Structure formats: structure tokens, C-alpha cells
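As they're listed, the protein sequences go chains A and B.
Going by numbering that gives the first Met the number 0, the residue at position 65 of the first sequence is 64; the numbering climbs one at a time, nothing skipped.
Going by numbering that gives the first Met the number 0, the residue at position 196 of the second sequence is 195; the numbering climbs one at a time, nothing skipped.
Some clues are possibly wrong.
Unchecked claim - What follows is a list of derived Cβ distance ranges for each label pair:
1. B:D24 with A:H32: 43 to 51 angstroms
2. B:R4 with A:S28: 53 to 61 angstroms
3. A:H32 with B:N105: 57 to 65 angstroms
Stated by the list, open to error - For lysine to any residue, the following SDA-like pairs were computed, each having C-alpha atoms within a straight-line distance of at most 20 angstroms:
4. B:K22 with A:K118
5. A:K118 with A:L170
6. B:K23 with A:I137
7. B:K22 with A:D134
8. A:K132 with A:L170
Derived from the structure by calculation, the hints contain no laboratory data.
Predicted model only: the values in this text are computed from it and were never measured.
We put the beta carbon where it would ideally sit given N, CA and C, even for glycine.
The lines below spell out each chain.
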Amino acid sequence: MMQRISGSVAVVTGVTKYFGSFTALNNISLEIHGGECFGLLGPNGAGKSTLIRILYGASSRDAGRISVLGLDPQTESRRLKKRLGVVTQEDALDEAMTVEENMLLFGRFLGIPHDDAKKRIAGLLEFMSLGHKRDALIQTLSGGMRRRLVFVRALINEPELLILDEPTTGLDPAVRQLIWGKIRELRHKGTSIILTTHYMDEAEVLCDRLVIMDSGAVKVQGAPKELIRQYCPGFVMRPSSLEDVFLHVTGKELGHDA
Amino acid sequence: MPDIREFWVLSLRVAYRHWAIYKKDFFSNILPSVVDPALFIVVFGYWLGSYVTDIRGKTYLTFMAPGLAATTVLFTAFFESSYGFYVRLNFENIFKALLTTPIGPNEILCGEFIWVGLKGVMMATGVAVVLLAFRVVHFEYFWLVPIMGALVGVACGAIGLLATSVVKNINQFQTVYALLISPMFFVSGVFYPVDQMPVPLQMLCWLSPLFHGVRLSQSIMWAEDVGMTWAINGTCLLVMTWVLVWWAQKKMRPKLYS
């Protein structure tokens, strides 16, 4: 499908973002390698979504440098967004339209010719087991189906980098497993992925590397297994998990201030 | 593609999205805009108008009819860019999805103005056709009707966007409606000549885009003083539209991109 990108897909250096007097991101630096699935974890309000929006050019930064696919999202967002796929936290589908019409409209925003888009859509709907829903109105779809549709909608331009902002929040285990499988499949084909999630098992299973953020800063970064070894090297009663690392570095362990 | 050309192409795609949704329910959408003026014509024009035999040398029906084309545009444009935009922004999250494509905040706003201008054209023309069917207006300058519709549409759409930028919740639009839109409707010279009002009110009238729209509509449909009216009221409306658009995009932009 596509060439695996060698080197970095995104380099973030000293990025700071204020909302009034509130510091949403404080001197964030990180690097995302081509072909990897990179996780952004952190409690609510840690700054994950703000950072994500800045990465794809839907929000501005107050300081620092960013390069995504070699482009600056603040000044070259149009060119950048043609090569990206983004699954936002909100489904944001047009309720009065059918599944295919929603996809076609999105193809139009991206400048994909109609016939081309139609062909791609048929394949993408099959990919996400939504082929039978092509002519269904959005208002008749279940939450899981909507989420899957938003997911494949982000693939219509065959993105080099896929940004997933809590793609499986609120989904049942079956749909979660389906989406996990598709994320792995895309990654094997060479798509680079940035993922935010509140599910530690999801991050542990999918991410090659990840950062845990808190209060707008990066607390730790590394591969899930390394982090577990480093921060929670085995409890007596059960093996430690990424969840233990998360609670440890964000100070949310019981007995701290919970 | 050169930047400016791409800007217009993307803005048109935003406007196309609104049209695609609108035409799904075209009949329900267009019906009130045609039925309301027809009712006004019958109830006020024929029935109540029979008591007013001469107003500035015209029957009451002839006097009142042209203003209806402009007032219909006012309501359509205001509701589209106040309630309509607010719902797209905060409930449907449509713009969050658009911002993941090459479309940026400027194209979203420009697309909104193109759409509200087009709706102005459709409404003004629709009402004018109804008035023609009642044989109460002249036809010679009919080609100016869409221009009047577009100008009033964009100006009143900008007022709607300004309202959207200040309200704290959707109910507060009622305050804007009661204190601004409703008075504008009643004192814009549709139902009686504005020179019968106290001088300070007359001066306020000149600040209302609807007043100028009504004057333009009257000049077209009475086939009277067309050149002079378009030179004076047309220029005023054009300047007002430009100022309102500039102000509205400045206030609304931070809500889309910060």
C-alpha cells in the first residue's frame, strides 16, 4: 500500500501552549519514528488532545518547533492535512446523510475525484465490516458502527500518518478488538500511528513506544515493557502492568491524593 | 494550486456541504419562506390593506409587497448563521471534522458566507416569484433581486455569526432576536414609510442592513428611482456588509482555531 517512512514522522521540540494564563503544554519535546505506533497517555486535562490538534494544524502553538512529515503544521497545514488521517474524539458525522454520502463528502473536502472516492469507499467499508451499511442513514447506526465509520473515513486519502484520538472510548469489547486488529494491520502495511487512549491495556498491546503526560508535560517515555520494568518491577501478588506505571508517574496511586 | 485559488475552492466545498444537507429536505426547508410571504400578502395586503386605500400613491398591497423579499432573507440568514452555525459548531462538531481536512478556519467562515449569500439569493428570488404571481410588482428590474438577496443575506448572516460569537448558550439567541432582529423587522420601512417615525429612529434605520435591503427591493419592484436608490442605499448596504463580515470573522475565528 505505501512505503514505510524511514526516520521521523514527527519531531516536536520545546512546544508550549497557553490558554490565557493556563499553561496547557509546557516545553514538550518528543520524536515519533516512521512506521511505529506511538502512544500519548495521561489523565484528563493532561494536554494530549491539545498536542494532537497542534500536530495536525487545527490549533496554534505559542513556542517551540514542530515538523510533521517534514512540514510545519502551523504554516503548511493544507499540504500536511492532505497526507494525514485524523480520527477525532467526537464522531462528527452528518446525521441526515447515508454512510456512503458521508464518505463521499469527506473525499470531496480532500479533493479526491468522485469515481476514485467511490471505489476507495467500497473497499474501506469492507475493511471495517460496514459494507452492508453503505446506504444506511447515520441516525440508524449504533455507536460502534459510527466509530468504525469515523475510523475508515480517516483512511480515504491513504494517509502516511494516522492520528487516533481515543478511538475506542465507549465501545464494547468486540468492536475494540476489531479496531485493534485494523490498527495493527495498518501498522504492518507501513502507516505510522499516533494514538491517545485512557485504556492501558490498549496502549500496552498496540504501542511500540509511548509517553505519559501530566499537567502539560511529558513525565516518562519509552516502550511499554521497558517502562513497566523501570518503574514497577513486579508486585508480589500479580505481574505489574502499564496501568501501574501510569498511576505511579501521574501520582494517582491510591494513598497519594485519591 | 496557488494559495488564493485553493482558498476559494475549499470555501466552495464548505458551502457545498451545507447545500448537500439543505437539499435533502428541500421542500420542508423552502416551504415557510414561500408560504409566510403569501400569507402576509393575503392577510395584510388584501384584507387589512383594503382599509388603507392610499399610501404614497399606492395601494397598501403594492406598498408592502417588496419589503417581504428582504425580510424573508433577514430571517433565513440570521437563523442559519445563529442557531444553525451554533449547532454545527457545538452539537454536531462538524467543524472539528472539517479541520482534519485541508479546510482551515478561514475557509469554514468564507464557506459560511457563500452559503448564507446563496440562501439570500434563493429566498429573495422565491418570494419575488410569488409576488409576481400575485401580479403586485414590476418585472423590468427583476434581475437585481438576487443581488439584493445576496447582500442582505451576507450582512444578516454576519449579524447571526456575531451573535453566535457572544452567546453563552443556545437560549440566549432569543435575547438577540427580541432586542435586535424583531425591532429591525418592524422599523425597516416594510409596513409604513420610515419618514413617519421620529427622527432619531429614522437615523437608527440607516444603520440597519434590512432598511437598505427593503429600499433596494422597493426600487426594483416599484420600478422607481432605481439608479438613485442603488447608488445611495446600495452603497450603504455594501459598506455595511463589508464591515459586518470583517467584524464577524474576527470574532468567530478564535472559536474555530486557537
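Here's how the hints hold up against the structure:
1. B:D24 with A:H32: 43 to 51 angstroms: holds, 48 angstroms
2. B:R4 with A:S28: 53 to 61 angstroms: Given about 37 angstroms between the Cβ atoms, the range is violated.
3. A:H32 with B:N105: 57 to 65 angstroms: violated, 33 angstroms
4. B:K22 with A:K118: violated, 25 angstroms
5. A:K118 with A:L170: Answer violated: A:K118 to A:L170 is near 28 angstroms, above 20 angstroms.
6. B:K23 with A:I137: holds, 14 angstroms
7. B:K22 with A:D134: Holds, at roughly 18 angstroms.
8. A:K132 with A:L170: holds, 18 angstroms
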